[in-house]
Every structure is written in C-alpha cells, then in structure tokens.
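J.: What follows is the residue order along each chain.
2 protein chains.
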Amino acid sequence: EIADAVEALFARGQQPLKGKRVVVTAGPTHEPIDPVRYIANRSSGRQGYAIAAMLETLGAEVHLVSGPTALPDLVGVHMTRVETAREMQAAVAAALPADAAIMVAAVADWRVEAMGQKIKKGSTGAPALTLVENPDILAGIGHHPSRPRLVIGFAAETENLLVNAQSKLARKGADLIVANDVSGDVMGGANNRVRLVSKDGVEDWPEMTKREVAWRLAHLVAEKLAGSEKPL
Amino acid sequence: EIADAVEALFARGQQPLKGKRVVVTAGPTHEPIDPVRYIANRSSGRQGYAIAAMLETLGAEVHLVSGPTALPDLVGVHMTRVETAREMQAAVAAALPADAAIMVAAVADWRVEAMGQKIKKGSTGAPALTLVENPDILAGIGHHPSRPRLVIGFAAETENLLVNAQSKLARKGADLIVANDVSGDVMGGANNRVRLVSKDGVEDWPEMTKREVAWRLAHLVAEKLAGSEKPL
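Each protein sequence line maps, in turn, to chains A and B.
With my numbering, letter number 61 in the first sequence gets 65, and the count goes up by one each step, no holes.
With my numbering, letter number 190 in the second sequence gets 194, and the count goes up by one each step, no holes.
Honestly, I wouldn't trust all of these hints.
Pairs involving identical chains hold if they fit within one copy or between any two copies, as the list cannot separate such chains.
[Said to hold, decoys possible] The list that follows gives simulated cross-link-like pairs (lysine to any residue, SDA-like), each with its CA atoms no further than 25 Å apart: (1) Lys214 with Ala169; (2) Lys228 with Gly144; (3) Lys214 with Thr73; (4) Lys228 with Gly63; (5) Lys214 with Asn195; (6) Lys172 with His147; (7) Lys214 with Glu227; (8) Lys172 with Pro131; (9) Lys214 with Pro72.
Since the hints were derived computationally from the structure, they do not count as laboratory data.
Note that this is a predicted model, so its numbers are computed, not measured.
Using the sequences plus the hints, can you model the full thing?
T.: Shown next as structure tokens:
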C-alpha cells in the first residue's frame, strides 16, 4: 500500500511536524433530550482518529477532542472525551494555543431546549422538541483571538457548500473546508470521498480509505505549516 | 459468586426450560431524524443480553431481538438486530409463537415525524421536531392473538408506575413488570436494582449485578412455565 510505504519513509526519522501543536476533533456529539434520551448522529470518529494518529506519526503534539465513539484512546495523543457540542467547544478552547486545528467532528447543529425531566407519554398528545442552535465550533476557532495559523473544517457536502464556498470560508474563518460526501455509508464506513474547498478553488480527491485521506491531509498540514509564519 | 455456583448446578444437566421458546428484546432503539441524525437512549443492552444468555443456559430456545448495541451476538441464541421501534415490533411478532416474552429493550416512546431530508441551519430559526407515538411493543404482545403464556415487561421506574401498577399490568396485558431504577448509572452500568410488579403486589430485589438479576429472572420464568398450562 502506498500509504504504508510513505508512512515508513516518514517514520524513518522524518518528522516534519515536530514541535507543532495540533488540535483535532472527531466523532459525533450527543445532545441530551432528558436524563435517558439524546440526539446522536452516525459519525464513527474513524476519519478524525486516523488524522490525529497520522499527525502524531509526523511528529506533532496532538490534542484529540472526541465525542462519544467506540474507538480506543490513541497512544501518544492527548485525549479529551466529551459528549455535547458545548463541551467540545470548551475542550477545543482549552487546547489552545495551537499551530493548527482540524475540526473533523460531526457536531450537532442543534441541542434540545432544556426540558427539565423525563418526557412522558399520555396526557396531551405528542410533545415537540424545541431545538436551539449550538455554538459553531469551527467559526469560533476561525475567529478566535488565539486562532491557529491553519484552520481546517470538515463539512457534510451539500450543493450549497460548493456554490457558496468562498463566503462560507470567510464566515467560518477557515483556510480549508473538507467536504465529505455523506450520501453513501461514509459515516461509519472505511472509505471516504472528499473535496477540498479553499480560496484557490475546489480540489477533488478520489475515493480512498480514511487512512489514506488522513495521510494526505496530514502531509498537507505539514506542507502548510512548513511555510512562512504569515497567515495562510 | 452465588450465581456461578447455581449456574453450575443447572449446567450439570438440569435444563428446566428445555423445549420452551422465549422471545427477549434488549438495547435501545434508534429513531431517525434525517439520514445522519437520530434519537437514541442510554440503554447498553447488557441486562437483556444477560437474561437471554441465562435462559439459553437453562435450555430455552431463545430469540433475542436487539436494538443497536456494542455487544457481540450470543452463541446459541437466534439474534435479530434492528434499529427502530417499528422494526423491533415486527421482529418480535415474527418470533411468535413463544412460551414467554421478556421485553427488556428501552424502546423509544416516540419517533420523529418524517422530515424528508437533512435538516438545515439558517433560514427561519430553529426547527422543531414533531414526535409521533411509537407502537407499544409490550402491550402489543400482551394482547396478541398468539400471546405467550408468560409476558414480562421492563419499565423505567417512576412514581406513577408503582401507584398505578395494577392498571398498568392490565393495560399492557403483562403478567409482570420489572421496574428499573434508572436514576443512577443503571443504564450502561454493571448493576441493577429492580422491583417486580405483579397482580400479587410489589417485590423489591436488592441491588445486584445484571447477571444476578438475569439468573433470578430466568429461574422465575422456569418456575412459571413449569406450572399448569393455564394462563398465569
């Protein structure tokens, strides 16, 4: 496998990210409805964990802020396990300063407005859950006073994303948005197909394993951070 | 451990449930909101799996209908994996006829009214999720034309349950309701504390491991089914 070969090259002492701090988020968030119920999403965390592991292989000091996943802790990586979007936001902020932030987690856009106690059957028909917008973690870090030099966000691909890519980059304060095609079984699956949206345009990557996506992206991070100290 | 000792006694050839068919449900259900999001609950499936395994040890032919869990399939047990309450209901019906049904799953009371596509941010403020009542699987089997002779349901303990126990038993068509105290970390934890609500009253069991609850309950099932062929 190509990735193995190249990884071996790097492992042979080449650590281009030595001395760099990178914050990565991964997995879903769980937003409680009541003490026993919550809203979840199908993110497995595999893409984010693969990226964190690859960055660590390349020498970076990696902080992985993970939502609830079935994946074991990564050796050599600072792990913070969180449940909700707000906890994730706080953990990301606590991991600053950093040279780069790669926000891979599938953060819930909404949480449920506090309901007090366990919702109950009967009485007056079906309840409605009122949703409240969650903080936008990517935009928060993209516009943070201690903004990392490189900010990369992941986003579920929609027509809208590609059409409004430039304005979205600015709104998020991101250097790069990695658009995931989530129409198949990407969430939870082994493969991924992504497009990279930057101020330079859109770059399509063919379908590959999440590990290969991780390798290419970690390589890109190393390349970007190796450049001048100017904003990217 | 007591349970081990008694289990060993049974394993020594005593299979009081030999020739009996038992349907067990376990785990949470996941109710989709859109292609990537869903409503879940904190049930791990451990109590239901422990009960299914113990019934199998006692000689029963066990059908385990399981919501999404991280637990491996049980050897010697017919497994059906489902996601939603409606899928669980269909799988339970397909497993009939049976001598006993033990409904341990934490079935979502509601599902989300079909939303068509991925809910989106922006536009006109926060969306509201309209909930629709799910089928009551326990009541369905309790009043089924092919009702098993013994029907046992699990329920999250509420004041309401104990106060209205008798009417609840009748409404559900159940012989026994096992009330779980879910106030601590019972959901997902190793221990459980239950009360058994039947027409004879309420019986408190002390806190014990889920495996011990399973053993005692499987023993009770064997006792009940060993009796006359009349309804229990």
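J.: Please work out whether the CA atoms of Lys228 and Gly63 approach to 25 Å or closer within one copy, between two copies, in both situations, or in neither?
T.: The answer is within: 15 Å in one copy meets 25 Å, while 64 Å across copies does not.
J.: How do Lys214 and Glu227 come out at 25 Å by Cα distance, when the copy is not named: within, between, both, or neither?
T.: Close inside one copy (20 Å), not across copies (53 Å); limit 25 Å.
J.: At most 25 Å between alpha carbons: which applies to Lys214 and Ala169, within, between, both or neither?
T.: Close inside one copy (23 Å), not across copies (52 Å); limit 25 Å.
J.: Evaluate Lys214 and Thr73 at a C-alpha cut-off of 25 Å and name the case that applies: within, between, both or neither.
T.: both (16 Å within a copy, 24 Å between copies)
J.: Measure nothing new, just compare the shortest in-copy and cross-copy C-alpha distances for Lys172 and Pro131 to 25 Å and report within, between, both or neither.
T.: between (35 Å within a copy, 22 Å between copies)
J.: Given identical chains, is Lys228 near Gly144, meaning Cα to Cα at most 25 Å, within a copy, between copies, both, or neither?
T.: within (21 Å within a copy, 61 Å between copies)
J.: Are the CA atoms of Lys172 and His147 at most 25 Å apart within a copy, between copies, both, or neither?
T.: Result: close within a single copy only, 13 Å intra versus 55 Å inter.
J.: Between Lys214 and Pro72, at a C-alpha cutoff of 25 Å, which is it: within one copy, between copies, both, or neither?
T.: both (19 Å within a copy, 24 Å between copies)
J.: If the cutoff is 25 Å on CA atoms, where do Lys214 and Asn195 land: within, between, both or neither? Let me know, please.
T.: Within. Shortest intra-copy distance 5 Å satisfies the 25 Å Cα cut-off; inter-copy 38 Å does not.
Taken one by one, the earlier hints all hold for this structure without exception.
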